[in-house]
Amino acid sequence: MARSNKDAIYEATNWFVELTSGETTDADRKEWQRWLNASSENRHAWEQVEAITNCFMGLDSKTSITVLNRPIDTKDIKSQERRQVIKTLSLMLAAGSAGWYGYKQKPWYLLMSDYSTAVGEIKRLTLADGSLLVLNTDTKVAIDFSDQARTIRLLQGEIYIETAQEQDRNYRPFNVITDHGTVTALGTKFSTRLKSKHSSVQAQTRET
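Per the numbering used here: the sequence shown = residues 96 to 303.
Read the hints as simulated data drawn from the structure, not as lab findings. Here a beta-carbon is modelled for each residue, glycine too, at the ideal position from N, C-alpha and C. Check before you lean on any hint, since a few could be wrong.
What the hints assert, rightly or not - Restricting the straight-line Cα-Cα distance to at most 30 Å, the calculated cross-link-like pairs of lysine-lysine (BS3-like) are:
#, residue 1, residue 2
1, K218, K284
2, K292, K218
3, K125, K218
Unchecked claim - Each pair of labels, with its calculated beta carbon distance range:
#, residue 1, residue 2, range
4, A122, A298, 51 to 59 Å
5, R129, K290, 42 to 50 Å
6, R124, H293, 46 to 54 Å
Hey, can you work out the whole structure from these sequences and the hints?
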């Protein structure tokens, strides 16, 4: 299984919360430095978070002041509440970067996507249910598999999917969501492409 972008982004955002909490110790800073130096993925994720928080610093808004300047006491936050703080922070960072970078560049998708490809890159992934997901060049997706449904949100670009037939559990619909609608696959091989004004679907077998 491939490691998703969200893993490193989540950890980087978590460290951002820690380092701006007002409760950081020397030991915390050393641990953060070890994490930062542990992999290029961690360094890249931290650079992304830094870039977006710098956008906040350039925006004269109550939101940026609240996020960046108000200490957050993370020591007393329960695990579930802590996840919500980090999720909220990510969304707020995303909103700030949208205003700073402009719509077409969409760098905030780095905080929303689970997997992505650079320009000229193609990536093949095997999902948790055994389905094949292929990301075409310059593509970003978010994946949400629950007990009720298997959902892929196409944030940018084009994907190809070969859906797996689940044998050992109740059937869960396989949905692909774009800005323009939802495709439900029924044992299908198909591709979906997100364009500025519409989304296109090309089925190769069975029904969508």
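Straight-line Cα separation of K292 and K218 no greater than 30 Å? 25 Å, holds
The hint says 42 to 50 Å between R129 and K290; measuring C-beta to C-beta, is that right? Between R129 and K290, where Cβ atoms are some 43 Å apart, the hint holds.
Whether the CB-CB distance between R124 and H293 falls inside 46 to 54 Å: 49 Å, holds
Regarding A122 and A298, is the given constraint of 51 to 59 Å on their beta-carbon distance met? 55 Å, holds
Next pair to validate is K125 with K218; report whether the Cα-Cα distance is within 30 Å. 35 Å, violated
Decide if the proposed pair is consistent with the structure: K218 and K284, CA atoms, cutoff 30 Å inclusive. 17 Å, holds
In the structure shown, a violation is registered for the earlier hint numbered 3 alone.
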